[in-house]
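S.K.: Those protein sequence lines, which keep their order, are chains A and B. Reminder that position 436 of the first sequence reads as 436 in our numbering, one-by-one numbering, no gaps. Reminder that position 18 of the second sequence reads as 506 in our numbering, one-by-one numbering, no gaps.
Quick caveat, the hints were computed from the structure, so don't treat them as lab data. Heads up, a few of these hints could be off.
Stated by the list, open to error - When the alpha-carbon atoms are kept at most 20 Å apart in a straight line, the in silico EDC-like pairs for lysine to aspartate or glutamate are as follows: (1) 542(B) - 281(A); (2) 542(B) - 277(A); (3) 6(A) - 289(A); (4) 672(B) - 281(A); (5) 566(B) - 510(B); (6) 318(A) - 686(B); (7) 26(A) - 56(A); (8) 191(A) - 82(A); (9) 158(A) - 451(A); (10) 49(A) - 30(A); (11) 461(A) - 172(A); (12) 646(B) - 614(B); (13) 523(B) - 607(B); (14) 205(A) - 614(B); (15) 672(B) - 106(A); (16) 646(B) - 139(A); (17) 318(A) - 614(B); (18) 646(B) - 142(A); (19) 556(B) - 607(B); (20) 409(A) - 381(A); (21) 556(B) - 281(A); (22) 543(B) - 281(A); (23) 543(B) - 468(A); (24) 113(A) - 468(A).
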Amino acid sequence: MRPKLKFLTDELIQKIINEAIEILCKIGIEINNQNVLSLLSGKGVRIKKSRAYFTEDIIQKALKTAPNSFSLYDVNGNEANDLSGYNINFTPGSAALHILDYNTQEIRNPTTKDYINFAKIVNQLKYIASQSTAFIPSDVNEKISDSYRLFLSLLYCKKPVITGAFRIESFEVMKNMQIAVRSSGKTLKEKPLTVFSCCPTSPFKWSDVTSQNLIDCAKYSIPIEFISMPLSGFIAPVTLVGTLIQHTAETLSGIVISQLANPGTPILYGGSPAIFDIRYETTPMGAVETMMIDCAYNEIGKYLGLPTQAYISLSDAKQLDAQAGLESSMGATLAALSGINMIAGPGMLDFESCQSLEKLVLDNEICGMTLRMVKGIEPKEDFPAIPLLQELLKEKHLLISKHTRTHLKLEHFFPGQVINRANRPRWIEEGSTSLKERAHNEVEKLITSYEPTKISKEIQKELIQLMETEARRYGQEKLPDRDLSHCV
Amino acid sequence: MDIILQKISEYLQKGDEEKVFELTKQAIGHNFDTKEILDNGLIAGMNIIGEQFKKHEIFLPDVLMAAKAMYAGMDQLKPLLIKDGIQGMGKIVLGTVHGDLHDIGKNLVGIMLKGAGFEVIDLGRDVPAEKFVDTALNEQVKVIGLSALLTTTMSVMKEVISILKVKDTTNSIKTIVGGAPLSKDYAKEIGADAYAYDSANAVESVKELIGVN
Ligand code: B12
Chain A
1 MRPKLKFLTD ELIQKIINEA IEILCKIGIE INNQNVLSLL SGKGVRIKKS RAYFTEDIIQ
61 KALKTAPNSF SLYDVNGNEA NDLSGYNINF TPGSAALHIL DYNTQEIRNP TTKDYINFAK
121 IVNQLKYIAS QSTAFIPSDV NEKISDSYRL FLSLLYCKKP VITGAFRIES FEVMKNMQIA
181 VRSSGKTLKE KPLTVFSCCP TSPFKWSDVT SQNLIDCAKY SIPIEFISMP LSGFIAPVTL
241 VGTLIQHTAE TLSGIVISQL ANPGTPILYG GSPAIFDIRY ETTPMGAVET MMIDCAYNEI
301 GKYLGLPTQA YISLSDAKQL DAQAGLESSM GATLAALSGI NMIAGPGMLD FESCQSLEKL
361 VLDNEICGMT LRMVKGIEPK EDFPAIPLLQ ELLKEKHLLI SKHTRTHLKL EHFFPGQVIN
421 RANRPRWIEE GSTSLKERAH NEVEKLITSY EPTKISKEIQ KELIQLMETE ARRYGQEKLP
481 DRDLSHCV
Chain B
489 MDIILQKISE YLQKGDEEKV FELTKQAIGH NFDTKEILDN GLIAGMNIIG EQFKKHEIFL
549 PDVLMAAKAM YAGMDQLKPL LIKDGIQGMG KIVLGTVHGD LHDIGKNLVG IMLKGAGFEV
609 IDLGRDVPAE KFVDTALNEQ VKVIGLSALL TTTMSVMKEV ISILKVKDTT NSIKTIVGGA
669 PLSKDYAKEI GADAYAYDSA NAVESVKELI GVN
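Chain B on its own, in the form it takes in the complex:
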C-alpha cells in the first residue's frame, strides 16, 4: 500500500507534476491519512531533493521542478489538512529590508522554503521595519527572514529585531538573516537567531530554528 506514497516521492523527485497530482488524488481516494501523504510522500521526496542539492548532485532548476510537482500534490491536500486541523511546516514572512532593492537572493530563498513545505509570505523589497513585525504578528508566523545586500541597509535588520523584541511579548518569533554583506558574526551581533548563506542552507537553518527535520 505504501508503494503509492513511495511513487509520489519518486515522481516528485523527477519533477513530474502530472504524475504527482494523479497519485496524490489516488492516495486521497484510498483513504490514506492526510498527514501520511504529506510526510511520507511529498515532504519525503522534497527532503531527498534537498539532500541531493546540498551535495551538488542536482541543480537549482531540478529543485524548482520538484517543488512545482509538490504544489500539485499540496493543493489537493491543503483543504484536508485544514479540515483535520493539521499544522503544516508553518509560516514565514520574508522580505528585503527598507532602502534595499536587491531581491534576487531573497526570492530564491523564498522559492526553496516554499519547496520545503513552508508557507511563505513575501513582502517584497524595500520593506519598512514595522511591516515585518506587524505582518509576523498578524499572520502568526514562526520565522521572519530578512535580506540585505548593501552595507548601507544592513542596519535596518537590527531595527526589525529590536522592534520585534518589543512587540513579540511571548518571544516566539525567530529571525533569520542573509545577504552578501552579512556574516554569522554580524547576525549574532544584531541579535538574529540564525544566518544562512544560500537557499539550501536557509531551509536547513529554518528547520533547525523551529525544531523540525
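The following block holds chain A by itself, in its conformation from the complex:
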C-alpha cells in the first residue's frame, strides 16, 4: 500500500472550494494587463475597470478542460516526469539570488561557471527528476538573466526544466529555444520540455508581467505552475484554513485564465505560501505550518483532479547545517506522503534565496529515501514464511539466500557517500569526515564525472545563435566563457 497523508476531510475541502468560488464571483480578481482583460471579456467574463468577476459556471468549465495529468520529456524527447496520481518528482529549488560557494563557503552572486556546475550535477543526480533554472548568473545583462538560465540548462543537462520569465519580452526567446530543441511547436506541444512559474500577487491580483506570461504559455501549450503566495497572518488570514481559502481562489483564477486562453493547457496546481514570522519579518519555508499548508492545498488540487506542485523540502538555514537537513527532510517526507507531483526545493537555503551544490547532493539522498518510503510495505514472497525461516535456522543467516538476492535492492535503499553508515573505527580510519566534507567531495566528483548530453550539434548551434541574438538586443556583444569542451 502506498502510504498517504491527509490533513483535510473532503467536507472541509469542498467548503474551502465553495468559499473560493464565491470570492472569485463576488470580490473578483484584479488584472493589470489589458490583453488578459480583453481575452476574458471576449469569453464572457464580466469586467469592471481592471477587475474580473468569474461565475461558477466559467470556473467549473475551466476545471473540466484542465488536464488531470501530463508528462514532461527530457531534451532527447524521452518521458522523464510523470505528473499524475500520487507520483512524485523532485526538482531543485529555483531562481535563487545567491549561491553558497562550495569551495570558500562564501554566500555570493552566482556566475555562468556556477550555473554550468549546477547543471552538470543535476544531470547525474538519480533522485532529482527535473532541473530548474536554479539561480541567476550575475555575469550577464540582467535583461537576459531569465532566458540565459534556460539556455545553459538546455545545453548542459538533459532533464526537463522548471523555469519562468521575469519579463514579458523574454518569453519569445525562451519559447523559441524550446522549439529549437523539439524542432517544431507541434512536437513541443506533444512533448512538453518546461514548466513556467506564473505568480498571482496576494491578495487576489495578477500583475501585467505574470498574467501576460500566463497567456503566452497557454498559447503554445507550455505547462504552467501557479505559484500563489499568501503569507499567513500578514497578507492572508493567520489561520491555515483562511490561508487555504485565499490560495484556492488565487490558484483557481489562474486556472480559469489559462483555460480560457487555450483550453487543455497543462497546469500544475502549485504554490509557495508561507506563514509570516512576525519576529523576523520573514517567510519561513521550513516552518511546519508552511509545510502543512502545502500538503493541504495539494489535497485540494487532487480533489479537483489536477496535478500538483509545491515549494517544500527546502530550508531557511544559511549554511549546510543540521537545520538545513531537518527542514528539508521533514518537507520531503510530508510532500512525498501527500503525493505532491512536483516537489521543488532541493539545494535551496535561506527562504528560497540561496542555492548550494553541497546541499543539493545531500538532498538527493533525502529524495532517494522518500522515494523508497512511498513505495510502501508490500508483501513479496513472504507467505508462507516457514520455508525461509527454516532456511535461516539451518544456514544461520540469509545473506546469500535466493530470497535475499531477489529482493535486497528493491527492499533496501542504499544512500550514496554523503550519508555515513560506517562504524566508528572505520569512520575514523577513513578520515572522520563531516557531512559537509563528504558532500563537498561528492560535488567535486560529480563535476568531473559529467558527460555531455546527447543534444545534437545543430540544436546547440541554434540555441547559441538564439541566445547571442537576444544578448545583442540588450547591448551584450559576447556571452561569458563557457566550458567549451562539451559543446560547439
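Go by the hints and put chain B with the ligand onto chain A.
M.R.: Here is chain B with the ligand on its own, set in the frame of chain A:
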C-alpha cells in the same frame, strides 16, 4: 505634571489608541508645549518600542499597535506643530523600483518609519526612476528609500541615484536601499548613503542618516 506625558508613553507602548488620544487631548488642554508632548510623550514611547522590538522582546504586531496609538495622538498635534512651525521628523519618499512588484518588505519599512514619526510618501511599486527624484524634490524630503527584490531590478536603484546626483543640486537628499538581493557592499557600489536589512534596522539607519536620535 510630567506624569501625563509619561502616561502617554506608557499607553502608547501598550497600543491603547483611545487612552493615548484622551491623554494627548488633556496634555494640549493643560497647555503643554507641543514639542514636549511629541518628544517626551509620543516619540519617547515609540523609541522604547523600537528598542524592545530590536531585542526581540516584542513582535511586529506590538509595534504596529503602538504606531496606531501614536497616530491617535499625532493627529491632534499636527495642526499645532504646523502652527508653531515645528518640524517633525521629516519626510521620506519610499517605493519599489521599476520592473519590480515585490512590495511586502517596502510596506513594512514604511509602516515602521511612520511609526517612528516620519511622514512617508509611498509611491508604491514598479516606480520609474525619475518619479522618485521628482517627488523627492517637490516634496522636499530628506530621504529616498528604494526597494528591490529581483536581481534584474537592482540596477534601477543606481539609475535613481545618478538622476538624483544631477537634479539635487544642493546635495541634501540622502538615499537608503533595501531588499533581499542587496548588501551593504552593493549599496556602497551604487553610491547609496545607507542600506538596511529589515524594518527596525531601516528606522535606525534613517535616523542616523539625518542625524536624529
Ligand atoms: C512574496 C514573493 C513574491 C510575491 C510578491 C508579493 C508582493 N506584494 O510583494 C509575488 C508572488 C507577486 C512574487 C512575484 C515574483 N517573484 Co517573488 N518572491 C517572494 C518571496 C517569497 C518573499 C518576498 C517577501 O515578501 N519577503 C518578506 C519581506 C518582509 O522581506 P523583504 O522583501 O526581504 O523585505 C525586508 C528587507 O529586505 C528590507 N527591505 C526591503 N525593502 C526595503 C527598502 C528599504 C528602503 C529598506 C531600508 C529596507 C528594505 O526590509 C524588509 C522588512 O524586513 C521572495 C523570496 C525571498 N527570500 O525574498 C521571492 C523572490 C524575490 N521572487 C522571485 C521571483 C523570481 C519572482 C517572479 C519573477 C516569479 C515569476 N516568474 O513570475 C515574480 C516577479 C514579478 C516582478 N516583476 O516583480 C525570486 C527572485 C529571483 C531573482 N534572482 O531575482 C525570489 C528570490 C524567490 C525565488 N527563489 O524564486 N514574488
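S.K.: Which numbered conditions among the earlier hints are violated in the structure presented, ordered from lowest to highest?
M.R.: 17, 23
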